[in-house]
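Listed in order, the protein sequences are those of chains A and B. When we follow the working numbering, the leftmost residue of the first sequence carries the number -6, and every step to the right adds one. When we follow the working numbering, the leftmost residue of the second sequence carries the number 14, and every step to the right adds one.
It is worth saying that the hints were derived from the structure and are not from the lab. Do not take every clue at face value.
[Unchecked claim] Only part of the chain A face toward chain B is listed, based on derived beta-carbon distances under 8 angstroms: (1) Ala222; (2) Thr227; (3) Arg231; (4) Ala235; (5) Gly238; (6) Asn239; (7) Glu241; (8) Gly247; (9) Ile248; (10) Asn249; (11) Tyr253; (12) Gly256.
[Claimed, not checked] So the derived label-pair ranges between C-beta atoms look like this: (13) A:Thr352 / B:Gln42: 48 to 54 angstroms; (14) B:Arg367 / A:His26: 50 to 56 angstroms; (15) B:Leu108 / A:Asp138: 45 to 51 angstroms; (16) A:His225 / B:Val266: 40 to 46 angstroms; (17) B:Arg367 / A:Arg28: 55 to 61 angstroms; (18) A:Gly131 / B:Val105: 48 to 54 angstroms; (19) B:Thr381 / A:Val223: 26 to 32 angstroms; (20) A:Val223 / B:Pro314: 24 to 30 angstroms; (21) B:Arg129 / A:Val223: 22 to 28 angstroms; (22) B:His141 / A:Val353: 51 to 57 angstroms.
[As the list claims (entries may be wrong)] Output of the computed footprint for chain A on chain B, the stretches with three or more beta carbons under 8 angstroms from beta carbons of chain A: (23) 341 to 353; (24) 457 to 465.
A virtual CB, placed ideally from N, CA and C, is assigned to each residue, including glycine.
Spelled out, the chains give:
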Amino acid sequence: MTSIDWRRAFGLREAGVYYALLILLGVLAAIAHSRGLPNYLNPQNLGNIAYQASLVGIMGVAMTVMLITGAFDLSVASVAALAAAVLVGLAPQIGFPLAAFAALVTAAAIGLLNGAIVQFIGINAFIVTLGTLTAVRGLVLVLTDGRSLMVERADTLAQMLAFESTRVPVFWPALVIAVALLVLGIVRRALVQIGAAIVLAILALLAGPGLAVAAPVVYLAIFTAIVWAVLHFTVIGRRIYAVGGNAEAARLSGINVHAYKLGAFVLSSVAAGFAGVLFGCRLGAINPTALQGSELTVIAAAILGGTSLFGGAGSVVKTVVGALLLFTLTNGFNVLNLGASYQGLIEGVVVIAAAAIYTVGGERKRARRPVPAEVAA
Amino acid sequence: MVALLSLAGVEKTWPNGTVALRGVDLVVQPGRVHGLLGANGAGKSTLIKILAGAIPASSGTIAWRGKPVRWSNPRAARAAGIATLYQHIPLVPTLSAADNILLEQSGGLRRNAAARARAAAVVAMLGHSFGLDEIVGDLPIGARQMVAIAQALVGDPALVIMDEPTAALAGDERETVYRTIRQLAAAGRAVLFVSHFLDEILALTDEVTVLRDGRAVLHAETATLDEAAIAAAIAGRSVTALARHEMRTPGPVLLEVEALRSPGRLAPTSLSVRAGEIVGIAGMLGSGRSELLHAIFGADPAARGTVTLDGRRVPLFTDEAVAAGIALVPEDRAKQGFVPTMTIAENIALPQQRHTLDRAGETAAARTAIEALAIKADGPDALVSELSGGNAQKVGLAKWLTPKTRVVLLDEPTAGIDIGARIDILRTVRRLADEGLAVLLVSSEFEELLAISDRILILRDGAVSAEIADPATLDEAALIQLASGTRTETGLAA
Chain A
-6 MTSIDWRRAF GLREAGVYYA LLILLGVLAA IAHSRGLPNY LNPQNLGNIA YQASLVGIMG
54 VAMTVMLITG AFDLSVASVA ALAAAVLVGL APQIGFPLAA FAALVTAAAI GLLNGAIVQF
114 IGINAFIVTL GTLTAVRGLV LVLTDGRSLM VERADTLAQM LAFESTRVPV FWPALVIAVA
174 LLVLGIVRRA LVQIGAAIVL AILALLAGPG LAVAAPVVYL AIFTAIVWAV LHFTVIGRRI
234 YAVGGNAEAA RLSGINVHAY KLGAFVLSSV AAGFAGVLFG CRLGAINPTA LQGSELTVIA
294 AAILGGTSLF GGAGSVVKTV VGALLLFTLT NGFNVLNLGA SYQGLIEGVV VIAAAAIYTV
354 GGERKRARRP VPAEVAA
Chain B
14 MVALLSLAGV EKTWPNGTVA LRGVDLVVQP GRVHGLLGAN GAGKSTLIKI LAGAIPASSG
74 TIAWRGKPVR WSNPRAARAA GIATLYQHIP LVPTLSAADN ILLEQSGGLR RNAAARARAA
134 AVVAMLGHSF GLDEIVGDLP IGARQMVAIA QALVGDPALV IMDEPTAALA GDERETVYRT
194 IRQLAAAGRA VLFVSHFLDE ILALTDEVTV LRDGRAVLHA ETATLDEAAI AAAIAGRSVT
254 ALARHEMRTP GPVLLEVEAL RSPGRLAPTS LSVRAGEIVG IAGMLGSGRS ELLHAIFGAD
314 PAARGTVTLD GRRVPLFTDE AVAAGIALVP EDRAKQGFVP TMTIAENIAL PQQRHTLDRA
374 GETAAARTAI EALAIKADGP DALVSELSGG NAQKVGLAKW LTPKTRVVLL DEPTAGIDIG
434 ARIDILRTVR RLADEGLAVL LVSSEFEELL AISDRILILR DGAVSAEIAD PATLDEAALI
494 QLASGTRTET GLAA
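The whole structure should be built from the sequences, with the hints applied where relevant.
Okay, structure coming up:
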């Protein structure tokens, strides 16, 4: 930690997703300018992108923890829809806070179920969560009877909208966080943190003191910060990486591997449940096909952020940047009217290109390593 | 008579500079069973891989039926007529026996009557210990070994190489393998038979070659040898510079194991280790050495029995064992010993049971360990996967060097590492015992066990078969004979 590996810190593998986001924003801004459209990079539009990415971002952060432990969760979108259905269904009777709590407990129960089946019966996580993806979606259909549900009590609806749509002034908090990150980055000699602090400060200063974002963006930021801090500063975080990096070595070091893997499933489902609560609040309503397919966007965001599907590596901050990248693409296509039919094609290519960069970068690094002596034995 | 296979001065040096073979001469005659022996790391596996075409020799000549050859891949060796049975039977468990036997056949159709008839003929010759259409994964291990033998024979090889074919088998299954080997020799084929078991070698082979440190140190007709002579050749002169320590008076009993057992792995075993005592465990591959350590550490979910540390019972879970102060340095470094994506400092800190990270403290601890154990690395931030085997092993040991650790279980801590690292590790083990820890040491390097242990337990077929209270009275050849000599059918049938 005494010396900084500049080439590594700024290499494509470490910082590629940041470059990609900056380049994309630059390109979109240039196109907007050349077509005489209003400034693409205005605070309003950037806030919009963050708002649109917030649900996928929240699920993506938990998914990253999941992938770090070496498991997989396909059921997040269905769980989110179920949580939203529970919220919208119960809120008129028991009030918003209790209904939200019930939604989170429901989600946690499904996570526990997923994890228990994977850990104690030993079925592959891909298969189990593919099953719960379908089954939980089916449960949503049963609960809603196939129709859209709506909250019709005005006071409850107002509470829900307040929870989701309040705009939070973030100019001063952003500056304070930027300074804190800068200090931390300098103390720890972590370039990424210094860079993040500078970008955050520039964004805040450009937007001016009136900067405000929707509440889900703040929830995403807080959740990301907490998970990031746990992963970086606590023994729990180290053990999460160890469980995914080599489960057997972790077990033989006295780590309760089952508990950590189970915990990742519960975290993933609770985060999905929270995303579902936000989704339900956004519209005050839920239709049974809500959020269908977004589990793939969540996983794509984690892959863009460089998380390995084999476990042991990954960064929640980069996953959030990956989510922002995906929603910037969507937003750019819409705002600039670039032909919506190309959108899926380009998103897919971006994901594969990102994975290729990470894999090739990883291989080159491995190739330099000496042959282990064990083969001689 | 032209020899079927003759090797002259075969050497193998690995790209990292490790020398595995230093000039091996070997002659294999048709119609004879040739025994190949040697301690771990003597070069047996390397030699087999070269003969099987899996790796090339660095220098020396190999002649097959009198003509010099150089196989570039296993397929070429098989085409020439050499079939190799590896120790860990590489069969496809989801396919039928017939499919496995015919795995190598070329051609388009899967159902080929002629090929199937050939497989059936081989199986009939072996005595039908399994049905052709049974799924290999469902067969008992003995029958699986026979499938592997049938797979080797279906290509009609002139030489069959068998690497410890009986290590995993029970008594009657072993007999079937012996009978098959005699049949093969009677039919004019040559068999190169690798084994740890001296009784087996004496009963089965016509001639014997012993490897030590990459050289063939003994070649003789089996009839002229006895177990003691072979054991002496395997042991050779002492190479480690470890001075035998003086016996000290060990402290009170620290670790007590009672009736610890695990179905299929370990017969009920009881033992105790005193503070400051090093108890060596000698046994051959498959004797239950690792299984015993894993059971004590709580890493075997099927294990039952009691483990007490200082009078307090330790539940059989790994986190409970670590909390109580029991440490395990596992046998397979890469698979069980470290997390490859983590640095030295992070790996060393892995067993800590605190909740806040103390990076500065961890880096300092890693620096201390790097110095104390002479780990060759760029620093605490180097990835463990970038270290050599010996240095990675030192990291595996370093993570337990905390004041909390009271019992250390070491599983082959010096396997496959160079002599310098080996001595560093053994010195550390010695020091730990001198500081009052209880140590259980499993090692295939018997001279190591003799040099460092206060007491030695001999493990065979998952049970303690003998105890040597005073290792000073024993030499290495005698220990090899005890651990691998005349087999008694006790304990578990695998």
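*asked:* When the structure is checked against the list of hints, which entries are broken? Sort them ascending.
replied: Result: hints 1, 11, 12, 18, 21 and 24 break, sorted rising.
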